[in-house]
Amino acid sequence: MIDIRNLTKTYGDKKAVDDLTLHIEKGEMYAFIGHNGAGKTTTIKSICGLLDFDGGEIFVDGVSIKDDPIACKRKIAYLPDNPDLYDFMSGIKYLNFIANVFGVSREDRFARIKKYGDMFEITKDLAEPISSYSHGMKQKLAIISALIHDPKVLIMDEPFVGLDPKATFLLKEEMKQICEGGGAIFFSTHVLDVAEKICNKIAIIKDGKLIRSGSMEEIKGDESLESVFLELEDINA
Amino acid sequence: MEKVEKNKKSFSNRLKSMLRVDFYRMLRSRLFYIIIACALLVPIIMTVMLTMMDGQESVNQQTGEITILEGPDYVWESIGSLPSDKQADGEEAAMGNMDVMALCNINMAFMGVAVFVCLFISDDFRSGYSKNLFTVRSKRTEYVISKTLMGFICGALMLLAYFVGAMLGGAISGLSFELTGGLTLMNIVMCIIAKIFLMLVFVSIFVIISIGARSKAWLSICGSLGGGMLLFMMVSMITPLGSTIANVGLCLAGGLIFAVGLGAISRVVLRKANMI
Amino acid sequence: MNAVEIRNLSKNFGAKQAVCGLDMTVPMGAIYGFIGENGSGKSTTEKMICGLIPTSGGSIALYGKDYRDENVRKDMGVLIEAPGCFPNLTVWDNMMLQARNLNIEEPEKEVIKILKKVRMEGAAGNKYKNCSLGMKQRVGIAMALIGEPTLLVLDEPLNGLDADGMRIMREVFTDIVSDGRRSIVVSSHLLGELQKVATHYGIIRHGKMIREMTASELDQSCRTFVALQTEDMDRAKYVLKGRYSRIEEDEAGYIRVYDTELPENIVEYLYENGLYVTEIKTDKIGLEEYYIDLMKEGK
Chain A
1 MIDIRNLTKT
11 YGDKKAVDDL
21 TLHIEKGEMY
31 AFIGHNGAGK
41 TTTIKSICGL
51 LDFDGGEIFV
61 DGVSIKDDPI
71 ACKRKIAYLP
81 DNPDLYDFMS
91 GIKYLNFIAN
101 VFGVSREDRF
111 ARIKKYGDMF
121 EITKDLAEPI
131 SSYSHGMKQK
141 LAIISALIHD
151 PKVLIMDEPF
161 VGLDPKATFL
171 LKEEMKQICE
181 GGGAIFFSTH
191 VLDVAEKICN
201 KIAIIKDGKL
211 IRSGSMEEIK
221 GDESLESVFL
231 ELEDINA
Chain B
1 MEKVEKNKKS
11 FSNRLKSMLR
21 VDFYRMLRSR
31 LFYIIIACAL
41 LVPIIMTVML
51 TMMDGQESVN
61 QQTGEITILE
71 GPDYVWESIG
81 SLPSDKQADG
91 EEAAMGNMDV
101 MALCNINMAF
111 MGVAVFVCLF
121 ISDDFRSGYS
131 KNLFTVRSKR
141 TEYVISKTLM
151 GFICGALMLL
161 AYFVGAMLGG
171 AISGLSFELT
181 GGLTLMNIVM
191 CIIAKIFLML
201 VFVSIFVIIS
211 IGARSKAWLS
221 ICGSLGGGML
231 LFMMVSMITP
241 LGSTIANVGL
251 CLAGGLIFAV
261 GLGAISRVVL
271 RKANMI
Chain C
1 MNAVEIRNLS
11 KNFGAKQAVC
21 GLDMTVPMGA
31 IYGFIGENGS
41 GKSTTEKMIC
51 GLIPTSGGSI
61 ALYGKDYRDE
71 NVRKDMGVLI
81 EAPGCFPNLT
91 VWDNMMLQAR
101 NLNIEEPEKE
111 VIKILKKVRM
121 EGAAGNKYKN
131 CSLGMKQRVG
141 IAMALIGEPT
151 LLVLDEPLNG
161 LDADGMRIMR
171 EVFTDIVSDG
181 RRSIVVSSHL
191 LGELQKVATH
201 YGIIRHGKMI
211 REMTASELDQ
221 SCRTFVALQT
231 EDMDRAKYVL
241 KGRYSRIEED
251 EAGYIRVYDT
261 ELPENIVEYL
271 YENGLYVTEI
281 KTDKIGLEEY
291 YIDLMKEGK
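Residue numbers (this note's numbering), protein chains in the order written: chain A, 1 to 237; chain B, 1 to 276; chain C, 1 to 299.
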């Protein structure tokens with residue numbers, strides 16, 4: 001579904017992402033891990049067409065993100081690491097706005113807003129302005145806005161930050177269902193035991209370079225993901 | 001593990017640590033240096049400009065009223081109004097004279113210090129440092145004392161900087177340093193000292209308003225400037241150029257009464273309010 | 001004597017009761033994991049312990065003294081919500097401020113020591129506003145650690161930290177309480193991380209403490225299960241439901257059979273029904289699942 005080939009992105013002298021190649025197939029729950037500043041957010045933003053890149057190609061279902069970004073973005077849902085929402089809008093207005101952007105029908109959007117609003121227990125807050133929301137509520141609203149057009153590919157940057165344990169649990173369940181339904185999820189996280197439990201594939205990035213990628217069993221074996229990751233960090237230091 | 005030495009929490013130790021925090025911050029605060037620099041430069045610029053514009057006429061197109069800009073003759077006019085020596089010399093005030101120096105003299109420092117005090121206090125709350133500050137001190141007294149003292153020091157430095165600036169501006173503009181109308185150098189000194197003590201009254205007011213508003217800097221600045229303006233009119237009366245030891249005594253007593261009285265109220269406000 | 005003893009604590013914001021009749025006990029030398037949903041009263045309780053907001057009722061005792069006692073409060077460190085640092089001052093200046101605030105004899109030495117502990121020596125000269133989220137979080141923790149506080153109150157200290165940062169913090173926490181006297185109250189939504197270090201737990205809901213327990217009590221309360229995989233998972237689930245009361249599929253794709261006897265009996269039973277087990281293990285539910293179950297019970 002997502003094909004990243006030799007992706008390179010430079011900021012001045014520094015290579016933020018260096019010749020990264022990765023393939024994300026249907027049904028895969030892909031964890032993307034690395035230390036702060038390793039290049040995770042740069043990679044994710046390049047996939048979503050938010051950042052131009054200096055080398056390589058990215059294809060979403062065979063379509064190049066450079067040639068037809070709109071067609072690619074239609075298939076993807078993106079959840080950034082900090083929910084940037086329109087503070088002046090109410091929650092429901094924002095969701096309707098996003099639904100309009102993606103051309104979601106009235107019946108579908110109503111059903112999904114009800115479903116996810118009840119799931120994350122923010123339905124009663126949707127009429128309030130977003131400026132009055134706590135960080136956790138904003139994160140939940142951003143998640144709902146990402147799911148509202150029933151995306152086949154979900155790209156998320158640190159989705160669990162700010163979520164309480166119940167919401168984390170519910171999001172994980174929803175992510176599982178998306179993958180079981182033929183979708184794919186690619187997300188970065190620092191919470192390695194979550195990645196370990198729910199993901200079947202993993203990619204580890206360090207200083208812009210992909211140092212490991214493959215199935216969870218291959219990468220971690222019998223050890224915990226955390227010990228494997230920290231070992232790799234030390235070896236490559 | 002090497003034990004860290006921390007002094008026991010007596011009042012004097014608590015106050016000492018609070019003063020060290022505030023001094024450290026004040027000396028690293030760009031605002032402090034900007035305000036002192038303004039206090040030094042504004043009188044120089046004002047004096048030079050007004051001297052150059054002395055005697056210029058401007059006519060109000062609608063009413064036909066003629067206004068003559070009257071520049072300063074004596075360097076002391078930046079500090080306060082001279083006694084009626086000008087009239088004694090036969091300089092009759094023409095209709096509609098504009099004595100700009102009376103409007104923007106050294107007493108501007110009383111307003112300028114409001115900005116410093118309000119921002120200095122609101123920054124504690126806006127940055128969230130109040131959490132680290134007040135977790136380790138349940139008594140609030142030293143906070144009020146230290147902030148009042150910082151404001152007082154800043155205000156005193158502003159007054160002195162303004163004085164120096166006025167002298168420099170006067171020298172550059174060729175104004176007279178003559179003391180007329182029975183004024184002596186001691187009067188000038190008493191005037192400055194009285195103003196410094198009077199600063200304590202204003203700072204105490206700004207501190208209590210800022211503590212009430214906490215993180216809302218705009219509210220404390222507006223409240224302080226508004227409240228300060230009411231007292232501003234009295235400054236020239238209480239601390240004229242011809243000040244004596246009586247004026248100094250009055251300002252000192254007033255300053256202490258306000259500092260202690262309003263300080264006690266500020267402390268109560270801090271104890272009952274949310275620090276976060 | 002306990003590090004923190006709270007009895008019947010309450011806090012009202014107008015008509016809203018954020019905390020009502022809360023009791024909490026944090027023993028000395030404990031890492032107390034304070035868990036609750038957003039809006040449960042967790043942060044409000046922490047703010048009251050630190051004396052940052054006034055209480056509406058009840059008592060708080062820290063190391064046997066009233067929480068307003070100056071001599072107890074000087075030995076506290078706090079990180080609640082975002083770190084409290086001046087954005088235009090450097091990391092070094094912010095930490096020196098706090099060292100002076102605590103009246104430490106040799107503030108430079110103490111700041112250098114703490115910066116080394118949180119691996120931030122290289123960033124001391126950066127202005128706080130220019131630090132990344134992870135670095136800011138480390139600075140916040142460093143500010144709380146200055147002066148070797150006896151009681152640390154940390155609200156979501158692990159947010160924004162990478163895996164290495166979380167490991168460092170776990171080591172720091174364990175090191176702090178190793179003297180048996182110093183204690184930490186830490187709240188986090190990362191229950192997996194919390195479970196690695198916490199010695200005690202308190203679960204708060206709607207302003208009340210609904211459960212307090214030690215780590216070993218949690219371990220005993222956590223249900224054991226047998227997790228297995230077969231070549232036909234749907235049929236296996238159907239078959240197992242006929243004999244065992246609680247069957248679930250977990251997020252890693254295993255079938256879980258709860259509260260059961262021996263795994264061999266399950267294997268035999270499935271074999272009798274024509275199913276071969278490809279993988280089987282015994283495990284216990286973790287803090288996260290215990291907490292989710294508890295919240296469901298409450299409904």
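In short, the hints are calculated from the structure, not lab data. Among the clues, some could well be false.
Stated by the list, open to error - Which stretches of chain C does chain A cover? Using the computed rule of at least three CB atoms under 8 Å from a CB of chain A, they are:
1. 37 to 46
2. 218 to 225
Claimed, not checked - One side only, chain A facing chain C, incomplete, derived with CB under 7 Å:
3. V63
4. D118
5. I130
6. S131
7. S134
8. P165
9. K166
10. F169
11. V191
12. D193
13. K197
Claimed, not checked - Each computed DMTMM-like pair below joins lysine to aspartate or glutamate, with the alpha-carbon atoms no more than 25 Å apart:
14. C/K296 x C/E268
15. A/K176 x C/E108
16. A/K176 x A/D118
17. A/K176 x A/D61
18. B/K139 x C/E251
19. B/K16 x C/D259
20. C/K129 x A/D84
21. A/K66 x A/D118
22. A/K26 x A/D61
23. C/K117 x A/D13
24. C/K16 x C/E81
25. A/K115 x C/D66
C-beta: ideal position from N, C-alpha, C; glycine also.
Hints and how they fare:
1. A count of 3 residues in the segment 37 to 46 of chain C with a Cβ less than 8 Å from any Cβ of chain A is obtained; the coverage claim is therefore met, three being the minimum.
2. Evaluation of the coverage hint for the segment 218 to 225 of chain C: breached, as 0 residues show C-beta separations to chain A shorter than 8 Å, against a requirement of three.
3. At its closest, the beta carbon of A/V63 sits 31 Å from a beta carbon of chain C; the interface hint therefore is violated under the 7 Å criterion.
4. At its closest, the beta carbon of A/D118 sits 13 Å from a beta carbon of chain C; the interface hint therefore is violated under the 7 Å criterion.
5. This hint is violated: A/I130 has a C-beta 16 Å from the nearest C-beta of chain C, more than the 7 Å allowed.
6. The criterion of a C-beta within 7 Å of any C-beta in chain C is not met by A/S131, whose closest approach is roughly 17 Å, and the hint is violated.
7. With a cut of 7 Å, the hint placing A/S134 at the interface with chain C holds, because the nearest CB-to-CB distance is about 6 Å.
8. Because the smallest distance between the Cβ of A/P165 and any Cβ of chain C comes to about 5 Å, under 7 Å, the interface hint for this residue holds.
9. Annotation: interface hint on A/K166 holds; nearest CB of chain C at approximately 6 Å, less than 7 Å.
10. The interface hint given for A/F169 holds, since its Cβ lies 5 Å from the closest Cβ of chain C, which is under the 7 Å cut-off.
11. Evaluation of the A/V191 hint against chain C yields a held restraint, the C-beta minimum of about 6 Å falling below 7 Å.
12. Of the supplied interface hints, the one on A/D193 holds, with its beta-carbon coming within about 4 Å of a beta-carbon of chain C, less than 7 Å.
13. The beta carbon of A/K197 comes within 5 Å of a beta carbon in chain C, closer than 7 Å, and the hint placing it at the interface holds.
14. Simply put, C/K296 and C/E268 have alpha-carbon atoms about 33 Å apart, too far for the 25 Å limit, and the pair is violated.
15. A threshold of 25 Å between alpha carbons decides the hint, and for A/K176 with C/E108 the separation of about 51 Å lies outside it, so the pair is violated.
16. Straight-line distance between C-alpha atoms of A/K176 and A/D118 comes to about 19 Å, which keeps the hinted pair within the 25 Å bound.
17. For the proposed pair A/K176 and A/D61, the alpha carbon gap of about 21 Å is at most 25 Å, so the pair holds.
18. Among the hinted pairs, B/K139 with C/E251 is inconsistent with the structure: their alpha-carbon atoms are about 51 Å apart, more than 25 Å.
19. For the hint linking B/K16 to C/D259, the alpha-carbon distance of about 62 Å lies beyond 25 Å, and the restraint is violated.
20. A distance of roughly 19 Å separates the Cα atoms of C/K129 and A/D84; the hinted pair therefore holds under the 25 Å criterion.
21. Restraint check for A/K66 and A/D118: the C-alpha separation of about 38 Å exceeds 25 Å, so the hint is violated.
22. Taking the CA atoms of A/K26 and A/D61, the gap is about 10 Å. The hint holds against a cut of 25 Å.
23. Annotation: proposed proximity of C/K117 to A/D13 is violated, straight-line Cα distance about 31 Å (limit 25 Å).
24. Distance check on the hinted pair: C/K16 and C/E81 sit about 21 Å apart at the alpha-carbon level, within 25 Å; holds.
25. For the proposed pair A/K115 and C/D66, the alpha carbon gap of about 48 Å is over 25 Å, so the pair is violated.
When held up to the earlier numbered hints, the structure conflicts with 2, 3, 4, 5, 6, 14, 15, 18, 19, 21, 23, 25 and fits the remainder.
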